[in-house]
Every structure is written in structure tokens, then in C-alpha cells.
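> Here is how the chains run, residue by residue.
2 protein chains.
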Amino acid sequence: MDDFFRQTLLYDFYGELLTSHQKEIYEQFVLEDLSLSEIAASAGISRQGVHDLVKRCSHTLQGYEDKLHLVEKFLAIREKVKEIDRELDRQETRENREMIEGIRRISRDILEEL
Amino acid sequence: MDDFFRQTLLYDFYGELLTSHQKEIYEQFVLEDLSLSEIAASAGISRQGVHDLVKRCSHTLQGYEDKLHLVEKFLAIREKVKEIDRELDRQETRENREMIEGIRRISRDILEEL
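Residue numbers (the UniProt record's numbering), protein chains in the order written: chain A, 1 to 114; chain B, 1 to 114.
Next comes chain A alone, as it looks inside the complex (with noise of 0.2 Å):
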């Protein structure tokens, strides 16, 4: 997993966790891709300040996650819904389409949640 997928999947599980502050200064860092000069300047405060802050961020992300491991779980069922959705492709015909439909449509549904 690359580090932005997991940095951005850390965020959505756990970013209201965070401060008000933090949230918005790391939206802008992971999410906007801002520069930490960029940053800095809007929220008045030092560059190192905005690397410090992001750093502190990501760890308390990835502490959540060490303790709930909620990323990983809802990694693996991801993959078990596509594992569905893969079966259901491979065992369509003609006949049992519609009854194929009607649980690729709960699947898609589980997708939607995670």
C-alpha cells in the first residue's frame, strides 16, 4: 500500500480524533498536497512548526491503528467483497443473471459502507 492511500485511510478512520487545528493542517498537507511553506504562511506559524505538527499527526493516526487495527479489518473484508464480485463475474450466464444481479448489488452496497 502506497504511503498516501494508507496515510489517507489512517485519516478517514481516525482524523476525528484530532484537534480542529491539526485536522486542518494536515488536510492541507496530506489531502491539498500544500507545501509546508505554503502552510506555514496561511496559518502563521514556522514551517518546522507545520512539519512538527503533520509528524505528530500521523503518529497519533498510526497509534489508533495500532491499538483498533480498523484499517487493516476493513482492508480485508474489501478485499472479501471483491472476492464476490469476482465469483459472481466468473459463475454469470444467462440464466442466473438475475438472481447474480441481485447480490452484486448487496456487495456493491457493502463497498459503499467501507
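Be aware that one or more of the hints could be misleading.
Selected chain B positions facing chain A (Cβ under 8 Å, derived; list incomplete) [what the hints assert, rightly or not]:
| hint | residue |
| --- | --- |
| 1 | L17 |
| 2 | K73 |
| 3 | M99 |
| 4 | E113 |
Covered, in the sense of this in silico footprint (three residues per stretch, anywhere, with C-beta under 8 Å from a C-beta of chain B), are these stretches of chain A [what the hints assert, rightly or not]:
| hint | region |
| --- | --- |
| 5 | 10-20 |
| 6 | 62-72 |
| 7 | 75-85 |
| 8 | 96-104 |
| 9 | 108-114 |
Rather than coming from a laboratory, the hints here were simulated on the basis of the structure.
Virtual Cβ for every residue (Gly too), placed ideally from N, Cα, C.
Following the hints, put chain B in place on chain A, whose structure we already have.
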């Protein structure tokens, strides 16, 4: 959802974010169903102390859920997976049994992750 089930789920999801002391007392009260007096005697704190600690833990766990909604999310997914299972039961015939069984296995794996 009954209160015991709800407390258990909250503890399953967020219990690791409590301190080990909190976990010990909370488990005795909620999961092992010991009385406040029994826990107080074995932990060497007052009955009121146990009561307050359990109340604070419930509040903390619910606070995490209010922010992250992970119990809610997981319950929704579990419902969908059960829906897939019911749909498979409905659609199973002598001819498609093997295919249905393949999908059912994956959906059971998902339930185990939850």
C-alpha cells in the same frame, strides 16, 4: 439493540483505547457481570469509585463512537452480508449449489472479520 450488546460492541471496538486499569474494571462489570461490591472488594477501591469509573468508561467509549461511528458502520455491513446469505438461501437449487456455496464461504469469511 439492547444495552448489554451495545456496551459489548463499543468495548470490542474502542476498548483498547482505555487504560489497563479501566479495562480490567470495565470488563469485570460489563462482560463478567460482577457486582460493584465484588469488584470494589477485589480492586481495593470504593463501590462508588467502581461505579464512577464504569460510568466514565462508558462515556469515553460512546465518545469515540460519536466521532468515528465504527460500530454503526460495522452493524450496517453485517446486515448486508446477512442479506447476501439470505439471498443465497433463496436462490439455491440442485444445479447451482456449488456456485452458491463458493459465494457463501466468502460471505461467512466477512462475517468472521466483523
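> Take the hints in turn and mark each one as holding or not.
Hints and how they fare:
| no. | hint | verdict |
| --- | --- | --- |
| 1 | L17 | holds, 6 Å |
| 2 | K73 | holds, 6 Å |
| 3 | M99 | holds, 5 Å |
| 4 | E113 | holds, 5 Å |
| 5 | 10-20 | holds (count 4) |
| 6 | 62-72 | holds (count 4) |
| 7 | 75-85 | holds (count 6) |
| 8 | 96-104 | holds (count 4) |
| 9 | 108-114 | holds (count 4) |
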